[in-house]
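Visitor: Produce the entire structure from the sequences given, and follow the hints as far as they go.
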Amino acid sequence: MYSYNDFDKNFVRQRVNEFRGQVQRRIDGVLTEEEFLPLRLQNGLYMQIHSYMLRVAIPYGTLNSKKMRQLALISEKYDKGYGHFTTRQNIQYNWIKLSEVADVLADLAEVDMHAIQTSGNCIRNVTSDHFAGAAVDEIEDPRPVAELLRQWSTGHPEYAFLPRKFKIAVTGSPHDRAAIAFHDIGLCAVRNDDGEIGYKIYIGGGLGRMPRIGRVLSEFIPKTQLLNYVDSIIHVYNRFGRRDNKHRARIKILIDELGLNEARRQIYEHYNSLKNESRLPSTDIIKFLMDEFSPPDFSTAKEHDLEKDFIRSLSLKNWAETNLTSHRDPNHVIVSVSLKKPGATPGDATAKQMRVLADLAQQYAYDELCVSHEQNIILPHVPKEHVVKIYNKLDEADLATSNIGMVSDIISCPGMDYCKLATARSIPIAKQIATRFCELKTERDIGPLKIKISGCINACGHHHVGHIGILGLDRRGVENYQITLGGDGTEDAHIGKRTGPGFSADKLMEAIETIINVYLNDRKDRNETFLNFYRRVGLSPFKLAIYGLPGTAYF
Amino acid sequence: MSEWVIITNKGFSSDEWIGRSVIEPTNILSDNFGEEQLKKSHLKLGNDFQVETLKSFLPYLNAISIEFPSEKDGRGFSLARRLRQLGYLGVLRATGHVMVDQYRHATQSGFNQIAISSKLAKRMPEPYWQQQIDGFTPSYQEKLQSGSTNSYSSKKNILIKEAKNIQNLNLTNTGLVGAVVTKVIRWTDWSFSFRVARPKNFRFQSGEFVMIGLPGNNGKPLLRAYSITSPSWDDELEFYSIIIPNGPLTSQLQHISMGDTLILNPKATGTLLLDSLLPGKRLFMFASGTGIAPFISLIRDPEIYEKFEQIILSHTCREVKDLNYGKSIVETISKDPLIGEYADRVFYYPTVTRETFHTKGRITDLLKTGQIFQDLQLTPISRDTDRAMICGSIGLNKDIKAFLETSGLKEGARNHPAEFVQEKAFVASLNPIGLGRSF
Ligand SMILES: Cc1cc2nc3c(=O)[nH]c(=O)nc-3n(C[C@H](O)[C@H](O)[C@H](O)COP(=O)(O)OP(=O)(O)OC[C@H]3O[C@@H](n4cnc5c(N)ncnc54)[C@H](O)[C@@H]3O)c2cc1C
Ligand code: SF4
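Chains as they are written, first to last, in the working numbering: chain A, 512 to 1066; chain B, 57 to 495.
One should not assume that every hint holds.
Heads up, simulated DMTMM-like pairs for lysine to aspartate or glutamate below, C-alpha to C-alpha not over 20 Å straight-line [said to hold, decoys possible]:
#1 A:K520 <-> A:D623
#2 A:K798 <-> B:E375
#3 B:K128 <-> A:D795
#4 B:K175 <-> A:E544
#5 A:K1008 <-> A:E1024
#6 B:K391 <-> B:D290
#7 A:K757 <-> B:D104
#8 A:K591 <-> A:D928
#9 A:K798 <-> B:D245
#10 B:K377 <-> A:E803
#11 B:K383 <-> A:E788
#12 A:K588 <-> A:E611
#13 B:K178 <-> A:D539
#14 B:K111 <-> A:E788
#15 A:K711 <-> A:D618
#16 B:K337 <-> B:E461
#17 B:K391 <-> A:E788
#18 A:K798 <-> B:E198
#19 A:K798 <-> B:E411
#20 A:K520 <-> B:E198
#21 B:K377 <-> A:D802
#22 B:K111 <-> A:E780
#23 B:K383 <-> A:D795
#24 A:K786 <-> B:D392
#25 B:K239 <-> A:E788
#26 B:K256 <-> B:E92
#27 A:K676 <-> B:D129
#28 B:K175 <-> A:D539
#29 A:K786 <-> B:E387
#30 B:K66 <-> B:E182
#31 B:K239 <-> B:D290
#32 B:K128 <-> A:E544
#33 B:K454 <-> B:E467
#34 A:K786 <-> B:E198
#35 B:K377 <-> A:D795
#36 A:K1035 <-> A:E1024
#37 A:K786 <-> B:E108
#38 A:K757 <-> B:D129
#39 B:K416 <-> B:E467
Please keep in mind that the hints were generated in silico from the structure rather than gathered at the bench.
Guide: Rendered as structure tokens:
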């Protein structure tokens, strides 16, 4: 895991002081509210409905116990004793006082954390695969590259005032868990014909109002040119991206307008000049970062047969079925801890729960944790012999929900409960759906199914890539929910298709149940997942079921 | 107070460009402005201008401003960076709505000045800017660019400084000239290379050194001997420098960046010349540390391949990464249109003393044991066919000289060619031969 050196520590401390200075300048009237806004946002501070919200960066989601404990402490000192883990692998505190922000930042700096560039029109916190370093199919651990990009993008003088926000995601596995095709830039580790590892580059993906699947800009960029390459893309974007219309300002629109070929030409014009000047990063730096992320010594873990544990406890077996994933070392597993207990707010964890997770990581799991973009917490390296102990401790802390990848493992944005932009509630909808399928006890039968909910067209809940996506809108003062089907955020990227007219809040549950019943009734067998079923039969059987025959008014 | 307040690293000042004639970018592309006219103008750029089109005018311009229409619009930062990258060395000004909190972004992107309206200056008075000027923010980008994993240059606000020109240094009648830095690459914690524009009429032979430096604390030039690493035909001069933590010159020199002006005494000299050697078949070059510098010039000069059939370049350093500068240049030979065809005649022989490496040890030992000849599959050194050059620490020079002399080679000099020549890569105690003192 990357540990801060003097440079990083110094940088973060300087930024805390800088922010104190900015608040002072605002108070002194040197900065107007308008001028203060981008500065405040670049320090992760949002104004929400009821109070300020502080979004803290967790680069590529990776944490250790010390950091997790500090996050717990902060939630108690400055917030209401819980935090909200987000779809960008960050944590948000929803009840922060402006006067205390600098203190929070100082507390974060103590454990080498910060809130820099978690919002605003700049390069945002870099995200990655939550199974990084543990995944069976990994070509290489993507985090050295993610860390490289974090360093390079942090405080970048040229790119702090972009047309719009800019998101980068990196994966090291062919099976994409980081939704790289839905980022402004997505990087995916690949091997070239010489066996050398480099990165395939996707550009212009994104959700929001105009969802786009990223397109391949290059099949292979060597690591020693990655920064020059990313730099060239953002340079072109900063100069030519639209600034006249906020909704057309993302790079995806620039690519649409220029066409991929012209965009590529402009980017390469710049890239070629940079490439001739220097290799960026240097091989020294690459090596240094790869060493920083060298895996723990897995050889100390004993062989252990989990099946024997399962025989003794059915609930453990049940949990293991959904929440354990094979690890690249045979004596380890990856444990996913669900923050989606039906009826609770997706992604929320109390200070107490955070401490339990910290303890488990420290005692049993090489002191490593990762926040997933699906708003769960991962223990990436768990020796099989410790699984039972971990499960029992999780259970005591109300963290043993066994639903990873299931109907009730819902991603939801904050929606009307917190967000100023929301046009509808989303958390209550998520709670309702999860609770409903829990009561019906059909979750296991339904199998893998991703439901994602956004409270407005900005799509923070990633509804476009939900197998079932729900978008809450406002229709003449009444909440109205549109449903999309067939979205997929993985390497098989698809944007979900709208079923048709939306549903009122009280009709929505029925529609979702109907959709799932269509699947349950008509699937070939249990091996045909919801997504595969949808791909086979298309939208029409679902439409027929939820809207009735054409001409029959549903409402 | 005039309409504009100018902010540099010295704080507020008034606009010195008032007398300059303003030109619009579209005119510069169509009208045939003379060189003199360009020098006296102020080119005003909107922040959507395609600055790449200006490339051929940049050498003649020394006052360019870029407009900042709002605090949210960061296009100007990219334009500044691009202009610097395209080789613009003059003063660059950010004009308009620039916030005090954007001082860092402006200076690190390549601006020397910020111009804000006197109205804005009233709201953002000088002390607030001064805080930014004094507050040094280390930047990740510089750190990565330098190739270092944990250090950064501790110099304050490297980029914003008065774009010094030669007149400011007042070199008239000193025989010295200014040379503008065009590129700096940090190789290790203790070494970097840099390129400067070649002063007009400056001539030298590959392998020679010159005196270069910076203004010293007493205002007088502080100069040191430096071998030129670029070949004699290059239109820029390249150098490879040590960093001595408390060294009078290099402790400062390590912070130079693109657009700075160095002082150069345009009289090159030295003994490591092809002309100081009698004709031969093979040329052995022995270097340690920065002593590789003159050889880096020679191997890029086609003349060496006319005079010798085989070139053996041995370079001894403490650690593997210390080899990188030399290695990277040797690697470019095969791609060089001028000398690429000779690449297979260069035998590069790096050795490292303090780390494991395929060739470990001092070159003198590798010579004595014959290891080097075995490794390169060459016959041992003989007076009939072989010539040699040495440039390294005093110890290296002494030992190799002794070795060559036992092989029968005699030392030559500039005016009487013989079988080998040597130059010390640096002077061990403080300047006993009077080189490298300020004067
Ligand atoms: C003919 C000649 C050519 C030279 N060419 C180069 C060159 O191409 N590149 C270069 O970096 N320097 C070169 N030097 C050395 C250079 O002149 C300066 O000594 C060096 O730049 C340090 O300057 P300073 O003022 O920082 O420290 P100084 O006060 O000059 O030196 C302090 C001490 O540092 C040590 N030292 C100085 N330079 C070196 C070095 N290069 N390697 C190892 N130890 C050193 C010496 O022990 C010296 O006494 C050359 C010197 C001579 C005489
Ligand atoms: S999708 Fe809309 S409602 Fe939900 S968090 Fe984003 S902006 Fe807010």
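Visitor: State the violated hints by number, sorted upward, taking the hints as numbered earlier in the document.
Guide: 3, 15, 39
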